Amino acid sequence: MNSLNRKVKKIILNIPIYIILIFLAIIVIMPILWMLLSSFKPKGEIISYPPTFFPSKFTTENYVRLAKRVKIFDFVRNSVIYAVFSTIPSVLLCSLAGYAFARYNFKGRSVLFILVLATMMIPFQVIMIPLFLIVSGVGMYDTYWGLILPRIAVPISVFMMRSAFVVLPKELEEASRIDGLSEFGIFWRIMLPQVKPTFVTLVILGVNAAWNDLMWPLLITGDMSMRTLSNGLAMFVGTDTSEHGPAFAGGLIAVIPMLILYLFGQKYFVRGTVTSGIKA
Amino acid sequence: MANKKIPRTAIMPYLFVAPVLILLFVFNILPLLSAFIISLFDISITLGQPKFIGLENFIEIIGDSRFWNSLKITLKWTAVEVPLQVILALILSAALTDNSLFNRIIRGIYFLPIICSATVVGIMWKLILHSNIGYISYLLRLLGFENINLMNSPTVTFYVIVFMSIWKTFGISVTIFVSAMQSVPKSLYEAAELDNAGKIRQFFSITLPYISPTLWFIIMTRLISSLQVFDIVYTTTGGGPNFTTETLVTYIYTRAFEVYRMGYASAVSVCLFFIILIITVILYSRMLKQEKEY
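Those protein sequence lines, which keep their order, are chains V and H. Under my numbering, the residues of the first sequence are numbered 1 to 280, in order. Under my numbering, the residues of the second sequence are numbered 281 to 574, in order.
Since the hints were made in silico from the structure, they are not lab data. Check before you lean on any hint, since a few could be wrong.
Stated by the list, open to error - Lysine to any residue pairs mimicking SDA-like chemistry, simulated, CA-CA at most 20 Å apart:
| # | chain 1 | residue 1 | chain 2 | residue 2 |
| --- | --- | --- | --- | --- |
| 1 | V | K107 | H | L295 |
| 2 | V | K10 | V | I26 |
| 3 | V | K107 | H | L301 |
| 4 | V | K267 | H | G388 |
| 5 | V | K267 | H | S459 |
| 6 | V | K7 | H | L381 |
| 7 | V | K9 | H | A477 |
| 8 | V | K9 | H | S459 |
Unchecked claim - Away from chain V, derived, C-beta distances all over 10 Å, residues of chain H:
| # | residue |
| --- | --- |
| 9 | L303 |
| 10 | F307 |
| 11 | I318 |
| 12 | V366 |
| 13 | L392 |
| 14 | A398 |
| 15 | K406 |
| 16 | F425 |
| 17 | V464 |
| 18 | L468 |
| 19 | P489 |
| 20 | S492 |
| 21 | D511 |
| 22 | F523 |
| 23 | V539 |
Bear in mind that the values here come from a model prediction, so they are computed numbers and not experimental data. Backbone N, C-alpha and C fix where the C-beta goes; we use that ideal spot for every residue, glycine too.
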């Protein structure tokens, strides 16, 4: 009886905490949900007072208007290209480097690894101007190469891959070496499959980072047909403040793929955040 | 190691690390070195006729009130955003440590904003706080708040954007704190229960000391990204109204890509680099000192 009383008391004492937690959850979800719903509202309803939460009537006119105003299909294509073709080579090359740092004993290993870690401390905002001058200086302004190449070497990925490889048992590669597998074959066919969770984590974080990247695409692209979603939409919203409906629609298009990625890969997002402390 | 016998393995590790090292050199290290050099030049975006001017850019910075304003805004941002975010995340994590279904759902929701780009955050918050069409502005009015323009006020807008920034990133801090708090040995709390120590006492005398490396890590990463804040400003106010939200990086961006003064912008970047470096070193030595004390 006494313990039951204590339990009840504990629950009652915790009610304010639950209320605060739920209230914050509402604050997190509300703008996302409101944007989603508003993107399907007719123009008249968006600017009417008082504003509504749920649309009185579903329409896709905002999406049609968005497509008329900006090159939304180009934006989406560029974002997909940027996300896919910066992430895949990045994760592969960083795995390879992390693997070498973890499994080989070569001269200069620690110096080179410390060098990689040190570059982690270089803020992008400090190097963006010279980086822009270098990349555009070699004629890669407004090209996919210019967009993608600087984004391939990611120190934190090398670091995470090294940590994943370093704990594997030594017998693995020794047995394969006796079997006559090439060094690259050992990496590719034996070792890389062992670190699949870290690999998937880096792919998901990489895609999310590229998809949401604003600064670099903003600097290195100029033509509207080369813009990605994040900077193309930012410019559209910044220059045309009266087009609320298409802004909602664009925002939704930008967020939906990442929402799907999150729903399927939530544990990788969390894992990657805890181990790398990614800044968003 | 035994690798000596097998010559083919001697060269392989270098081949494996070479691509990443070359890319890092070309796209990170070289630009960092160049930033210092460019800051000594008067140079435009086309790179035409660069002129060596020594420290003149830095001398100009000293008398540039817009630079000092942006530095002040950046430090103010850091001083407001970092403590608020860290304290909020600590409290929430303490309440959400257990892996109950409710807690897992709430944590999943809190993490959600990380998938939103600054552009998306800008679009939805700007519109939901819009003075005419915004739903939250409408709710605030129902609650009796007067009709203030949250997105265009020299006094309030700064805090509104700080709020958006916290909204976007606090889920990351919560996730990291929760994972650290879950690793605190249960036996420590059980011992404290026997001593009749209350929950709050337990938090301060067990949880906090135990997770202090994580706490420092969060403070450090939040601090560094606060000093570099740009995205959320660019997608909401662009630095306005009246420069009250113009941060250092926003100012660098306008110098380089709106008035095309690459040399001057680089000089401001170099200042930013040293500010970050100094603050990181101070914090890091503090952290090491505190870790020794425990």
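Status of the hints after comparison with the structure:
1. Distance hint between K107 (chain V) and L295 (chain H) is fulfilled; the C-alpha atoms sit about 13 Å from each other, no more than 20 Å.
2. Restraint check for K10 (chain V) and I26 (chain V): the C-alpha separation of about 24 Å exceeds 20 Å, so the hint is violated.
3. About 15 Å separates the Cα atoms of K107 (chain V) and L301 (chain H), which keeps this hinted pair within 20 Å; it holds.
4. Pair hint K267 (chain V) plus G388 (chain H) holds up; C-alpha atoms about 10 Å apart against a cutoff of 20 Å.
5. Under the criterion of a C-alpha separation no larger than 20 Å, the hint pairing K267 (chain V) with S459 (chain H) is consistent with the structure, at around 13 Å.
6. With a C-alpha separation of about 18 Å, the suggested pairing of K7 (chain V) with L381 (chain H) holds against the 20 Å cut-off.
7. In summary, the hint linking K9 (chain V) to A477 (chain H) is supported, as the alpha carbons are separated by about 18 Å, within the 20 Å threshold.
8. A C-alpha spacing of about 28 Å is found between K9 (chain V) and S459 (chain H), which places the hinted pair above 20 Å, so the restraint is violated.
9. A beta-carbon of chain V comes within 10 Å of the beta-carbon of L303 (chain H); the shortest separation is about 4 Å.
10. Here F307 (chain H) does not stay apart from chain V, with its beta-carbon only about 4 Å from theirs, under the 10 Å limit.
11. Not every Cβ of chain V is farther than 10 Å from the Cβ of I318 (chain H); the closest lies at roughly 6 Å, contradicting the non-interface assignment.
12. With a least CB separation of 13 Å from chain V, V366 (chain H) remains clear of the 10 Å interface cut-off, as annotated.
13. A cut-off of 10 Å between C-beta atoms contradicts the statement that L392 (chain H) is not in contact with chain V; the least separation is 6 Å.
14. Separation of A398 (chain H) from chain V is inadequate, the least Cβ-Cβ distance of about 5 Å not exceeding the 10 Å criterion.
15. At roughly 8 Å, the least C-beta separation between K406 (chain H) and chain V is not larger than 10 Å, which violates its mark as non-interface.
16. No Cβ of chain V approaches the Cβ of F425 (chain H) within 10 Å, the least distance being about 15 Å, so the stated non-interface status holds.
17. At roughly 15 Å, the least C-beta separation between V464 (chain H) and chain V is larger than 10 Å, which holds for a residue marked as non-interface.
18. Every CB of chain V is more than 10 Å from the CB of L468 (chain H) (nearest about 20 Å), matching its label as outside the interface.
19. No beta-carbon of chain V comes within 10 Å of the beta-carbon of P489 (chain H); the shortest separation is about 20 Å.
20. Against the 10 Å criterion, S492 (chain H) stays outside the reach of chain V, whose nearest CB is about 15 Å from its own CB.
21. Interface exclusion of D511 (chain H) from chain V breaks down, the closest Cβ pair being 5 Å apart, not more than 10 Å.
22. No beta-carbon of chain V is positioned within 10 Å of the beta-carbon of F523 (chain H); the least distance is around 17 Å.
23. Listed as a non-interface residue, V539 (chain H) keeps its Cβ farther than 10 Å from every Cβ of chain V; the least gap is roughly 13 Å.
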